[in-house]
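Chains A and B supply the protein sequences, listed in that same order. Numbering of the first sequence is given in my numbering, commencing with residue 1 and proceeding in unit increments. Numbering of the second sequence is given in my numbering, commencing with residue 1001 and proceeding in unit increments.
One thing to keep in mind: the hints can contain errors.
Pair by pair, the computed Cβ-Cβ distance ranges are [to be verified]: (1) A:GLY309 x B:TYR1529: 57 to 63 Å; (2) A:ALA397 x B:VAL1649: 53 to 59 Å; (3) A:ASN238 x B:ALA1719: 45 to 51 Å; (4) A:ALA33 x B:ILE1171: 52 to 58 Å; (5) A:GLN114 x B:VAL1649: 55 to 61 Å; (6) A:CYS20 x B:SER1263: 35 to 41 Å; (7) A:GLU317 x B:TYR1529: 52 to 58 Å; (8) B:ALA1609 x A:GLU323: 25 to 31 Å; (9) B:GLN1666 x A:GLY309: 15 to 21 Å; (10) B:GLU1386 x A:CYS20: 35 to 41 Å; (11) A:ALA33 x B:TRP1308: 43 to 49 Å; (12) A:CYS20 x B:THR1611: 26 to 32 Å.
Some residues of chain B that are not near chain A, with every Cβ distance over 10 Å (derived) [claimed, not checked]: (13) ARG1169; (14) ARG1191; (15) GLY1215; (16) THR1234; (17) GLN1235; (18) ASP1239; (19) ALA1314; (20) SER1374; (21) GLU1401; (22) SER1418; (23) GLY1420; (24) TYR1423; (25) SER1476; (26) LEU1692.
I should point out that these hints are in silico values taken from the structure, not numbers from a laboratory. Glycine is no exception: its CB is placed at the ideal position from the N, C-alpha and C atoms.
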Amino acid sequence: MMNKIRTGLLLAALLPLAACVDNNGGGSTAVTAENFDFVGMLANYTDTIIVPNYDTFAQQSADFNADTGPLAQYCNAIGSADESSTRSAAQTAWRDAMSQWQLTELHQLGPVLQNSGALRNRIHSYSRSALVSTCGIDQSVVIADSDANFSVSNRASNQRGLGAIEYLLFNTNLSHTCPDQVSQTSDWNSRPENERKQLRCNYARRLAGDVAQAADSLASAWETNGGNYRSTFINPGNLNDSLKALSDALFYLDTETKDSKLGIPTGINSGCSQRTCPTVVESRFAQTSLDNIRRNLQSFITLLKGGDGLGFDDVIEQAGVPEVTDKLLADSQLALAEIDAMTTSLSEQLNSINDDASKEACIAAAGNPDSARTVPVCNLYGYIRRITDTLKVGFVAAVDVDLPDRAQSDND
Amino acid sequence: MNTAIRLTAAGLTAALLSPLCSYADEPRHTPPREEVLVTGGRDAIAKLGGSAQLIDEEMLERFDFSDLNQVMGSLPGVYIREEDGYGLRPNIGIRGATSERSQKVTIMEDGILITPAPYSAPSAYYIPNVSRISAVEVLKGPSAIYHGPHTVGGAINFATRPISETAIREIDLTYGSDNYQKAQYFSSETRGSFGYAIDLLRYSGDGFKELDGGGDTGFERNDLNVKMSWQPDTQNGRDHLFTLKLGFADEEADETYLGLSQSDFDANPYRRYAASQLDAFTSEHSQIHLGHVFTLSDDISVNSALYWNQFDRAWHKLDGFIDGVAIRDVLSRPEIFTRELGILRGEINSDGSDAETLDVTNNDRRYGSMGIQSNLSYRFNLGSTEHNLTTGVRLHRDYVERDHSISGYLMTDGRMVSDGQDYGDKTLNEADTDALAVFVVDTISWRNVNITAGLRSETIDGNNDDYLSNSRNNKSQSVLLPGIGVFWQVTDRVGLLAGVNRGFSPAAPSASDSVDPEISINYEYGLRYTSDQLSVDAIGFFSDYDNLLGRCRVSDPECTAGEEFNGDNVEIAGLELTGEWRRPVAPGLTGLLQLSYTYTESAFQTDFASTFSQWGDVEAGDELPYLPEHIGRLQVGMEASRWAAHIAVSHQSEMRDQAGKQSISQVAHTDAYTTVDTSASWFVNGAWTLQLSIDNLFDEEAVVSLRPFGARPNKPRTARLRAKYSF
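Isolated chain A, as found in the complex:
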């Protein structure tokens, strides 16, 4: 009997010998650095989108500025039989450069914003509060020709960059835009036409040189063998800041594309105190405003998806709300389709908002972009607002970032 008891006790001791721990629990769907490759994602953005965009623009602006480039050829051809064709070629090159720059506007972070956006302002200072100063440019054209100590770097940002070059290259009105009391331009209108073309072109070349230099600095700032901001941006130690900066940058679509480029010109946005504000249209001389918006939207899609690599769409999917990405992409496609269907420029469409009824129709179209297209840019505004509404709610929740301060409220 005793042996049986002992045997039983031995078996009882042996069976549960390896104790077990409670390894149940967890199951959180939070996307964290431990279950999502944010470093890889940031590297993908840097290496396949941001740096290539800056490199391409740097090359385009260098080509545009080259001694044998299209702008130089136009300057050299003024007064000759090739003037028209070379000017057209220069305008095309400018459009290409601006089109490329518009892609970069959606990833404003790091070097482009440093020193109060110094590099960006040298390249393209457009914003609702920094419109191109045509009079300032007219004055600069004269001073640059007469003052040996003239330096582009001393001029205000609204007299520099792609916007100023656009005015000099596309504006066919050779008269100055300054008040009579401005001494530098007092005799401008009396000068021979070719002289005025030449002086404007010469100043455009100075500006193109400045843009090319800034673009090179910007590209270099990101390059691994340059300023290597790339490492700072990707550094896992800066993950939260970098992710926030990248997320914030997407809100350019809200504050600039939607509001500055569409809302204020159309008068939908309270920033315009008149029925419409056509003078604040971006690229109004080249009439490429809608192309700029198209490129902004294309860039937004690329940035949302991370191109072909890891992107915000993957974060959102891992967060379990892929419908957020689906809606952003669907509304983006609707906005792009709206632009593609347009046959007139933004400035031309603004002319059709000429009474209270057309203004109300515009506002109604913005509220319901699927409704009638009296002024299609108003419908476009509505589609883009759908995107930015999703950005402000579904996107920030899925990616777990805060809204940028500038996108906290709407002005429409």
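Go by the hints and put chain B onto chain A.
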């Protein structure tokens, strides 16, 4: 020091010493011997009401390892994490307590706390050289309450060679791969009342790693120890044995925290990047231990010691970039941080920015540890029960002074050139602790049952002064740690054991008010089988942590060295299996088979977010990092009168680099690896022994750690030829 501690200590010491006079008329007894073991030896372990293991001198001699990791790898419930391949700074854990710098284990030499500052800074940057150790004891579960302060896992005692009764002289010379050299001289004898032991050890190696651009990767250690004893004539039936131990050890090692990216590891695991070319560790350790064994009778003895240890070290080593990507991140994503990796390799020159300037920090620290301890053992009978009552008190003080100063270096054509800038200190602080530890344990024997019941008390007052933030932190901790273990000798061969104890590991003085000490309830149960030829222990354990502590090291990103983190509830469970079979297999030939295996599982029980990089964002159910699920060793040997040969196969499964529950293959992890060690000894005559040992016979290459910075290899195949002469 806390007044309460002073008074209590004085009172307890007096209480321990004063009643001894009443035994003046006891009959003559066995003369006292120098106490180097804390378990009482192998026979005592067999009946212990808690688990313990002993590696004796014979076992140590079989392979003559100088790497403590290899020695400890033969013990169940003990986890090691290799770092430098030579075990210069071992990482040992017990029953799931983190192995990192052996910080959760109470480590002693001859029963005296030996790590630099076990309370104030428990990371064990000093551990005695194995070559001067004659036995290693490991105590776990309820057995560990004799020894603190860290009782969550257990305690390890390194027993030095005792003073010999007869004259012994030994010269022990070893030469091996990578210019490994070891020379040891041991001399000991007792003449009349006086005895002495001299142990002189020097060993060194050129290292097995290949530094980019050339340079040293080796080490050199010297260890000088003298023991003197005096046993005056018996007076009034009482014996005294006084022992004075003096020790000095130093080290110079070209060691680094820098590992490799996985691809570079795959290409050559023994490569060392150029950015580690200035890395060097230097240390000096001094110790004075004065022991006194006072034997009043066969039943009563008092074992006391005064001890003083000083440890100074400076580790001048790469710690990253001044203001750039953390090295761990560079090495984990080399395809992304190509420029930083190029700088580490010496292939790309630094551009002078902080992001590309190498941060070489001199981690200069000074430690001190001193105290007095006294244990009284009293055996008596009470009715039909036999009691062995042991009570002890220890008054201890230790401190650490840290001065970590930063230097900047620019990688220039593969060499590191100082940038001449003053970056100041990274860490400048001092921490000290006064601690009073008291324990009472009674081992009660009744028929075939041994019950060990005890209580340990730790009262700890710590202060930390941070001179960079001009802040001072005080940390007081007081804890009672009960434990009970039962061993029932069911049959002549089979015994059952079970035990439970409260585990504790104190928070450091620098820990904020929100950081709690580590507390656990540890359970163990199992059986022992012992016959003439076979012995088997199978012990299950379960540790239920109320709070697991994580401690930041200088190599951990996003925390400051010494910073501690609460890990809340954690459960660790497992099975320890040991077996030894020994029998004659032929006339004059004995076969030997030894097995040690540990299965472990662990799980955090709560969700929390931590900036401690080894944990990160933790969810309930996540497994602990750097805890292998399986670790085992099988040793086979043949022993004859003139020769012996042994072969040992060791295996360790993968370990995850960070807490998590994903399949280990999907996350950063170390490799599973199996190594084979062999040794053959020829006992030429009574004086000469020749031994050839080959570690890692099949040259297994494995990533054994991804910390501190990147993948680190195990030691490659190395051979050693040893000649030992006794005269």
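Structure-based check of all given hints:
1. A:GLY309 x B:TYR1529: 57 to 63 Å: holds (60 Å)
2. A:ALA397 x B:VAL1649: 53 to 59 Å: holds (54 Å)
3. A:ASN238 x B:ALA1719: 45 to 51 Å: holds (48 Å)
4. A:ALA33 x B:ILE1171: 52 to 58 Å: holds (57 Å)
5. A:GLN114 x B:VAL1649: 55 to 61 Å: holds (60 Å)
6. A:CYS20 x B:SER1263: 35 to 41 Å: The hint (35 to 41 Å, Cβ to Cβ) holds, given that CYS20 (chain A) and SER1263 (chain B) are roughly 38 Å apart.
7. A:GLU317 x B:TYR1529: 52 to 58 Å: holds (56 Å)
8. B:ALA1609 x A:GLU323: 25 to 31 Å: Hint holds: Cβ distance 28 Å, inside 25 to 31 Å.
9. B:GLN1666 x A:GLY309: 15 to 21 Å: holds (20 Å)
10. B:GLU1386 x A:CYS20: 35 to 41 Å: At 37 Å between Cβs, range holds.
11. A:ALA33 x B:TRP1308: 43 to 49 Å: With a Cβ separation near 47 Å, ALA33 (chain A) and TRP1308 (chain B) satisfy 43 to 49 Å, so the hint holds.
12. A:CYS20 x B:THR1611: 26 to 32 Å: With Cβ atoms ~30 Å apart, the hint holds.
13. ARG1169: holds (48 Å)
14. ARG1191: Holds: least Cβ distance 52 Å, greater than 10 Å.
15. GLY1215: Non-interface label on GLY1215 (chain B) holds, nearest chain A Cβ at 27 Å vs cutoff 10 Å.
16. THR1234: holds (46 Å)
17. GLN1235: About 50 Å separates GLN1235 (chain B) from the closest Cβ of chain A, which puts it past 10 Å; holds.
18. ASP1239: holds (43 Å)
19. ALA1314: Non-interface label stands for ALA1314 (chain B): nearest chain A Cβ at 27 Å, farther than 10 Å.
20. SER1374: At about 37 Å from chain A, SER1374 (chain B) clears the 10 Å cut-off, so the statement holds.
21. GLU1401: holds (29 Å)
22. SER1418: holds (22 Å)
23. GLY1420: Since the minimum Cβ distance to chain A is about 22 Å, GLY1420 (chain B) lies beyond 10 Å and the statement holds.
24. TYR1423: With a cut-off of 10 Å, TYR1423 (chain B) remains clear of chain A, as the shortest Cβ separation is near 18 Å.
25. SER1476: holds (32 Å)
26. LEU1692: Correct as stated: the minimum Cβ-Cβ distance to chain A is 39 Å, above 10 Å.
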